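Assemble the dimeric complex from its two separately framed chains, guided by the hints.
Chains as they are written, first to last, in this note's numbering: chain G, 28 to 203; chain X, 373 to 849.
These are computed hints drawn from the structure, not numbers from a lab.
Predicted, not measured: the structure shown is a model, and the values here were computed from it.
It is possible that some hints are incorrect.
[Said to hold, decoys possible] Computed footprint of chain X on chain G, listed as stretches where at least three residues anywhere in the stretch have a Cβ under 8 Å from a Cβ of chain X:
(1) 177-189
(2) 192-202
[Unchecked claim] Some, not all, of what chain X presents toward chain G, calculated at C-beta under 8 Å:
(3) Thr432
(4) Val433
(5) Asp473
(6) Leu485
(7) Leu488
(8) Arg521
(9) Pro574
(10) Phe755
(11) Phe765
(12) Met803
[Said to hold, decoys possible] Interface residues of chain X toward chain G, partial, derived using beta-carbon atoms under 7 Å:
(13) Phe437
(14) Met440
(15) Leu504
(16) Leu638
(17) Val640
(18) Glu641
(19) Val645
Backbone N, C-alpha and C define an ideal beta-carbon position, used for all residues, glycine too.
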Amino acid sequence: MEFTLKTFIFYGFALMTVASALIVVTVRNIVHAAFSLMVTLFGVAGLYVFLQADFLAATQVIVYVGGILVLILFGVMMTSERFDMPIQVKGHIERGQLFLGGVIALALLMLLLTVIANTPAWKNLTDDGTELPPTTARIGELILNGQFLLPFEVVSVLLLVALIGAALISRKEVRD
Amino acid sequence: MPIEINWQLLMPELIITLTLLIVLVFDLFDSISKAILGWMTIVGAGIALWVSIQMHQAGTVGTQFNDMFKVDNFSLFFNIIFLVSTILVALISMSYLSRDDRKQGPYYLLILLATLGMMLMAAGNELIIVFLGLELMSLSLYVLAGYFRDNPASSEAGMKYLLLGAFASAFFLYGIALIYGGAGTTNVPAIAEAITAPNKSPLLLAGMFLLIVGFGFKVAIVPFHQWAPDVYEGAPTTIAAFISAGPKAAGFAAFLRIFMEALPSLQVEWSSVVIVLAMLTMTVGNVIAIAQTSIKRMLAYSSIAHAGYVLIGLAAANNDGISSAMLYLLVYCVMNIGAFGAVILAKTEDGESLMISDYAGLGLRKPLLAMFMTIMLLSLAGFPPTAGFVGKFYVFKSAVQAGHIWLVIVGAINTAISAFYYLRVVVTMYMREPEEELSFTAYPSTLVVGLVLAAIGVLLIGILPSLMLTPAQNSVF
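Isolated chain X (complex conformation) (with noise of 0.2 Å):
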């Protein structure tokens, strides 16, 4: 029997995964320079980004592989924020490697594999395809986590994060064993078919636990988020904007098509314990990221805190919540891939400027990254007229509407702490002067064009909210 295959349903995955194996052949020249890796890597994700957004204008759905795989409007718009946030990295990566020569071709060649395997994820219609492409992601990551082998920091995020990214595995892993046990099949439509309400076998209950363990690990929820504070401080720092970015984002898109297509019946035991949990990873996020000195780890606990901001969505758990988390996904991708470039930014001759008290004085000296942060930060705090306002403000309004009150009290109380340590940096930056005169190397230009991108993103999300909230509450499943 031959298989029939609708090429054009897979065109995004297929010109990334075109891409990577023309990225690993060209990587074996010597000849050649290999900063064109990189913009190889960026016109490949470019191509894609294009063509998903073709097809999710189109409205293209279909499924492929026997059910497995399925092309919505909702996988559409996670592959955009995927691209988006690939591309945005590796603009800001390259003047990052070169500066001290590091290996390019396995850079960019694991960061498009692990895009590829968000990709995957988000269209993952069957349990054993999101597992796949959460391990081709992971391994990719772990890998990137430990790229700088000379930097010990570096090697121990490595491990730190295979270990503990193994254990998560794990219990995802498990947690399908189970839900196979319970429902029969690992397809997610199916799987919504065999759990008829009367029918809440506690194997399904705990196969669902065992799932948000492990997606809690995977987008860093409170209480398993212990790895990454570390791993982002450890990890080269284009790299800790790539794990905050897009990984999360497709930890999420698997989270999401899991417990709302297919245990619609369990979402009374799933959302008491999703509303927990976010209450419990804003107010942990936040409150640690207060005490931090390094700005590394403040941004770490601060996108613990936005995942809490993103568990909202899930917990309202309606139309709205979804299109919502989604807008909040894409919007908070943008500004954190920015805030981790603005401390790319920040070079001096001795190294990077990691401490937050490296920043005194900046407001003047280096009015160009000043106003980068203060951009990224603002809007991570939601301050309008920013994209992180316009976030917040849908995120919120959806728990409204499904009845979660004190959930946006908590979520409100929240933002507030957090413009606490957002804006104590801008102020560092305007109103303090450096203890010492630190002499900053020149802006690399193709880390500006990414944070000009990422900045014009940020400022055109927050002043036109429709222009990505519609396609948001048009990709609803």
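Here chain G stands alone, though its shape is the one from the complex (with noise of 0.2 Å):
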């Protein structure tokens, strides 16, 4: 395999992903965690971009690092004031339960890699260079010719679920 520019980027984002992760897994405070995810959510940003994905690359940037990343440090933030509690993990962490969860991780990790190894369309794979065109404009045109149309609407509704039941949960009771 020849070492390029490219491939040296793509292997500083997979070891940024795969180390952020690690430490989000192992660090103790809560807010060291979340700040170690967003690393983790931007190389796994980065490697959709590496995948010619830029609208999914987009949307990760938008919604897990400004969107859920923030409303876990919001979550952090508020219940540690309210509640005076400390935002450190220092309960202890049982031996069975790290037994139980490694054994879960390892498997899966067994079967991804398994599922790599055994689908030869992947290994045959060569970067030919060819650029893809951008996806959004294809992704807007699937949504609104009829193929994932369904889909579109149902989503509308569900949001409309969320607003009514954020507002309802959010206020204080009024009765009739």
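Next up, the structure:
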């Protein structure tokens, strides 16, 4: 395999993703874990760019880094203020839990590795340097030309439920 | 390219959507009586029910939206189950909400949204649609479980349901992702074509097990049932009735469609898992139900056990198995909502009668209430001439035909166990004297109408099983 700048950057992103993910699950301070998660999510977005999935990469940054991560940090901030709870994970982790979690994680890893090894179509892929057209416009077309129209409409109803539910739960109970 | 849409195929779903939008808008006006929203729900669901029955009789078949949405007798039969449940729940809810001046608009709106989600699950011919329907239904139910904000038990139920339900959805979604990875498509018939017998990749098997876990949570199968008793006990009683009926049927609808139509070539693998789950679910549900003193918790464990009986039909995995599971779900929805409705009817001046001991002596003091309760409990226990007997009989018959004798034996033993705790309530009502005289409130008329309809349904199907069995047999995919 020739070693180009592209592969160098790719392995940089991959290393960044895996290393920061390890930090997320090992570090005791939740805020540190959250910031490490940000690096993981950015790394994943970078990998999407390498797969020429530009829409997915942008969504990853907007939704996960911009939305979910901020929510986690807000959650930590508000619960620790309000209930006077420490934001450290201090509880002792049982050895049994550690073992069980490790076994499940390993089994999942083995499964995914087996699949990668057993899928010849992926192994024979070579980077011939072709650039795929940007995906955003095509995704928009697929949604509106009928192929994915129904899921799109159902999601809009789903958002209505989320909106009404959130308004109902966060307000004081109003009686008729 | 213009999109061709056959609106007639979408009629039931469109009517429900229209009804929920009307309810949403009318809730804004302060000048009208809010009780009308409940009636709008019933009328809308009633029209949708009528249309579904017409389409079922005409044998309408068709797919829409690029094969994502499939209307056939299977989905229409489930539409009938959902809409009957919705109408019954709306009937038993009216007095329950108005006697405490609870807000009615969002309540009926969320019930209709959940119903729409269920209908999408039954008609989903595409895993994405099934997932979206599941989420639409679940999100509405989380809010409904925590609807009584001033009641800590209700808030806790909502919270617990949300957290565990979100986990279940994640498992389900991961299962879909793995199946997509293995089959290269999320379309139900296309998956079946992509999976040929020699190609049993570990990816597909892992995806299949994750789907079982996800469905197991949603329909409360042991060992994924822990949320059910707490949620049923804490949620408003009408919502406990709703959660135990329609959503369970919807979960099984998607379960049947995906496993029978998309994964038939993995049947050896999943049917053995389903057999074990069915035995576990029936036994654990019934045995724990014996120890309960709260009637809502008892009904919760009983509804877990009933999911086990439906699984017998799925384990049989033949046409009779599917149709008997569908018949069982219809019967179960009606009788379970009826049982919860009888609990609501037994309201005293101090609040709801939630302990089994509260029902002592009701047989003579409140004959109507005791009669409703007895009919529903006998049906849940599976005594002839009630619908519960018919449901169990056909489920067991299909399993015998498929050669699962042991499963049927376990089911029969469980029926005997369940008779103990159902009949205990009946005995308490008729043969025991109350420790203190409770003063019951007057019967609300809408609640009585709901219960009368449920009782008629239970007895009618019990006496004339072919009334619903033939449509169920005509509805196998």
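Item to check | Index of numbered hints that the structure contradicts, given in increasing order | outcome: 3, 4, 10, 11, 12, 16, 17, 18 and 19
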